[in-house]
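There are 2 protein chains.
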Amino acid sequence: MPIAKIKQNKERRQKLLESAVKLFIEKGYFNTSIRDIIVLSEIGTGTFYNYFIDKEDVLKALLEEFADKIISSIKVYYQEETDIYVRFVETKRVTMEVFIQNEALSEIYSRVAGASAPIDQCLQQFENRLIQFYTHNIEYGIKLGVFNNIPVSPIAHSILAIEKFLLYKWVVLKAITKEEMIEMVVSFHETLAQGILKTR
Amino acid sequence: MPIAKIKQNKERRQKLLESAVKLFIEKGYFNTSIRDIIVLSEIGTGTFYNYFIDKEDVLKALLEEFADKIISSIKVYYQEETDIYVRFVETKRVTMEVFIQNEALSEIYSRVAGASAPIDQCLQQFENRLIQFYTHNIEYGIKLGVFNNIPVSPIAHSILAIEKFLLYKWVVLKAITKEEMIEMVVSFHETLAQGILKTR
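Going down the list, the protein sequences come from chains E and A.
For what it's worth, my numbering labels the leading residue of the first sequence as 25, then goes sequentially.
For what it's worth, my numbering labels the leading residue of the second sequence as 25, then goes sequentially.
Quick caveat, the hints were computed from the structure, so don't treat them as lab data.
Note that the coordinates shown come from a computational prediction; the quantities given were computed from them, not determined experimentally.
Just to be clear, a hint being listed does not mean it is correct.
Where chains are identical, the list cannot tell them apart; a pair therefore holds if satisfied intra-copy or between any two copies.
Okay, derived cross-link-like pairs now, DSS-like style, lysine-lysine, Cα gap no bigger than 25 Å in a straight line [said to hold, decoys possible]:
| id | residue 1 | residue 2 |
| --- | --- | --- |
| 1 | Lys198 | Lys51 |
| 2 | Lys193 | Lys29 |
| 3 | Lys222 | Lys51 |
| 4 | Lys193 | Lys84 |
| 5 | Lys198 | Lys79 |
| 6 | Lys93 | Lys34 |
Please model the complete structure; the sequences and the hints are all you need to start from.
Written out as structure tokens, the structure reads:
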């Protein structure tokens with residue numbers, strides 16, 4: 025395929041994804057139809073199906089890109105910071121900032137859980153990627169000998185759990201501000217770090 | 025009101041609540057109408073409104089009773105166990121067992137989040153009660169001098185967050201067994217306890 029064609033395809037796919045986010049926020053995920061997405065993105069009928077199977081597939085693509093963004097932001101931060109304690113705690117600030125910068129995606133992620141099996145599958149894929157990444161990082165700390173030899177999976181799950189819960193309190197319930205959200209996530213990890221790190 | 029009448033009222037209210045749980049599980053919360061609840065409970069039309077304002081009010085009542093059950097189970101456990109470390113960790117086993125014993129309510133709680141503002145309000149009331157109870161218990165540990173002087177609110181939130189997240193993985197996603205769920209919650213609190221407790 026010529027480069028111009030590939031670029032055009034990428035832009036169309038992006039247009040569809042952006043239109044979907046807009047609609048999912050405005051009308052809600054359940055009230056948005058594929059037809060709505062096609063109309064808003066001004067792309068020929070049928071073209072949608074060159075890129076996506078169905079609405080869940082759009083959600084899956086959005087969450088996949090979202091996980092990429094979160095993980096790559098953490099990786100960039102790792103190159104700047106080498107102190108393991110600071111890393112363990114401050115990574116969560118970096119993560120929550122990516123959630124804040126992508127408020128619409130955060131809201132969609134926080135709203136759709138539990139509604140249907142295909143949606144839950146999309147979410148699980150997203151969450152598993154983050155949990156795997158967190159697991160890998162904790163295992164690395166244990167291997168280096170700076171973390172205690174703790175059971176890793178429950179900790180990795182708890183990290184995502186507190187992020188998810190406070191994200192929901194901020195973006196859906198509006199019960200806390202984004203500053204409070206970051207502060208609580210970071211503060212929690214300061215306490216947790218005492219149970220995880222061998223030395224400070 | 026004569027005692028017989030009060031008893032009858034209580035039973036009717038209970039019948040409505042039980043019918044609602046059954047329907048919320050079978051048809052889903054959103055697809056269940058007040059009419060469905062009235063029909064299944066075999067209670068005269070109109071009687072429903074003597075007890076509840078609307079469907080959210082039913083959900084609120086269910087979650088209120090659920091929070092009562094969880095808190096009273098923990099209180100009973102507290103009377104048996106006095107070692108603060110064991111308490112801090114094993115309370116979570118007690119809590120998760122209440123969730124397991126009330127699988128239908130756990131599933132409803134795990135499924136409805138994020139769908140609408142009135143529902144989120146019901147959930148928030150339920151969650152706030154648990155968070156307040158957890159907060160109170162941690163503050164008590166600090167006051168006794170057995171816990172470090174840690175920021176309490178982030179820890180109380182994290183406790184509910186991990187319970188909620190693993191509950192969802194068990195009851196909605198079926199990605200973990202109930203034994204794995206308990207094990208992970210307890211294991212996480214063992215690590216967290218190291219950051220919270222002054223001495224072991």
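To see whether the hints hold, each was checked on the structure:
{"no.": "1", "hint": "Lys198 / Lys51", "verdict": "within (19 Å within a copy, 30 Å between copies)"}
{"no.": "2", "hint": "Lys193 / Lys29", "verdict": "neither (43 Å within a copy, 42 Å between copies)"}
{"no.": "3", "hint": "Lys222 / Lys51", "verdict": "neither (49 Å within a copy, 51 Å between copies)"}
{"no.": "4", "hint": "Lys193 / Lys84", "verdict": "both (23 Å within a copy, 18 Å between copies)"}
{"no.": "5", "hint": "Lys198 / Lys79", "verdict": "between (27 Å within a copy, 23 Å between copies)"}
{"no.": "6", "hint": "Lys93 / Lys34", "verdict": "within (18 Å within a copy, 53 Å between copies)"}
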